[in-house]
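Asks: Sequence:
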Amino acid sequence: MKRDRRHGTRIEDSRRRSARIADCRAVWWSRTGDRRPHHGWLVDWSAHGVALVVEANDLPAPGESIVPCRRQDIRGWHRPVTVTRVAPLSGLLRLIAAEYASAEPKTCPHGSS
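Each residue of the sequence shown is one higher than the one before, counting from 0 in this note's numbering.
It should be emphasised that the hints constitute simulated quantities derived from the structure, not laboratory data. Worth double-checking, as some hints may not be accurate.
What the hints assert, rightly or not - FRET-style restraints, in silico, Cβ to Cβ: (1) Pro87 to Gly62: 14 to 24 Å; (2) Ala18 to Gly90: 24 to 34 Å; (3) Leu92 to Pro36: 16 to 26 Å; (4) Ala46 to Gly90: 13 to 23 Å; (5) Ala46 to Arg70: 13 to 23 Å; (6) Ala18 to Asn56: 25 to 35 Å; (7) Arg69 to Gly90: 25 to 35 Å; (8) His47 to Cys23: 28 to 38 Å; (9) Leu58 to Arg34: 17 to 27 Å; (10) Asp33 to Thr83: 16 to 26 Å; (11) Ala86 to His38: 10 to 20 Å; (12) Glu63 to Leu88: 24 to 34 Å.
Please read these numbers as outputs of a predicted model, since none were measured by experiment. Note that the Cβ used here is the ideal one computed from N, Cα and C, for glycine as well.
With the hints as extra help, turn the sequences into a complete structure.
Replies: This is the structure in structure tokens:
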């Protein structure tokens, strides 16, 4: 006998590959090949990527790789990520979704300021 899927709840309502962990910290990052630090806010992170809020005038493009600056209090973002999506939040801010680019832990060379 088949189970009627129209009634009852799904075991997992999310289609995400891993659980997201909410965060709210200022972070610094750099673009690949550019040592200049950029600023943003880490909104959430997971085993597969991060979400950042950045100013519209300091925006990485989709497909661009960005590297986090080393900070002891940031445990959710230690590896390079590739920007997968950019969504407008307001006239000044954008939400960036990014996935981890590689397995090697790397950080930007200048550290936090």
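Asks: The structure should be examined with respect to each hint, and the outcome stated for every one.
Replies: Each hint tested on the structure:
Taken as a hint, the range 14 to 24 Å holds for the pair Pro87 and Gly62, whose Cβ atoms sit roughly 18 Å apart. In this structure the supplied range 24 to 34 Å holds for Ala18 paired with Gly90, their Cβ-Cβ distance being about 32 Å. Distance hint check for Leu92 and Pro36: the Cβ-Cβ separation is about 18 Å, which falls inside the suggested range of 16 to 26 Å. With their beta carbons about 33 Å apart, Ala46 and Gly90 fall outside the hinted range of 13 to 23 Å.
For the hinted restraint 13 to 23 Å between Ala46 and Arg70, the CB-CB distance of approximately 19 Å keeps it satisfied. The hint said 25 to 35 Å for the Cβ distance between Ala18 and Asn56, and at roughly 33 Å that hint holds. Range check, Arg69 to Gly90: about 32 Å between beta-carbon atoms, so the 25 to 35 Å window is met. For the pair His47 and Cys23, the beta carbons lie near 20 Å from each other, so the given range of 28 to 38 Å is not met.
Between Leu58 and Arg34 the CB atoms are about 18 Å apart, so this pair conforms to the stated range of 17 to 27 Å. Distance hint check for Asp33 and Thr83: the Cβ-Cβ separation is about 20 Å, which falls inside the suggested range of 16 to 26 Å. Between Ala86 and His38 the Cβ separation comes to about 19 Å, which falls inside the hinted range of 10 to 20 Å. For the pair Glu63 and Leu88, the supplied restraint of 24 to 34 Å is violated, since their beta-carbon distance comes to about 19 Å.
The earlier numbered hints that this structure contradicts are 4, 8, 12.
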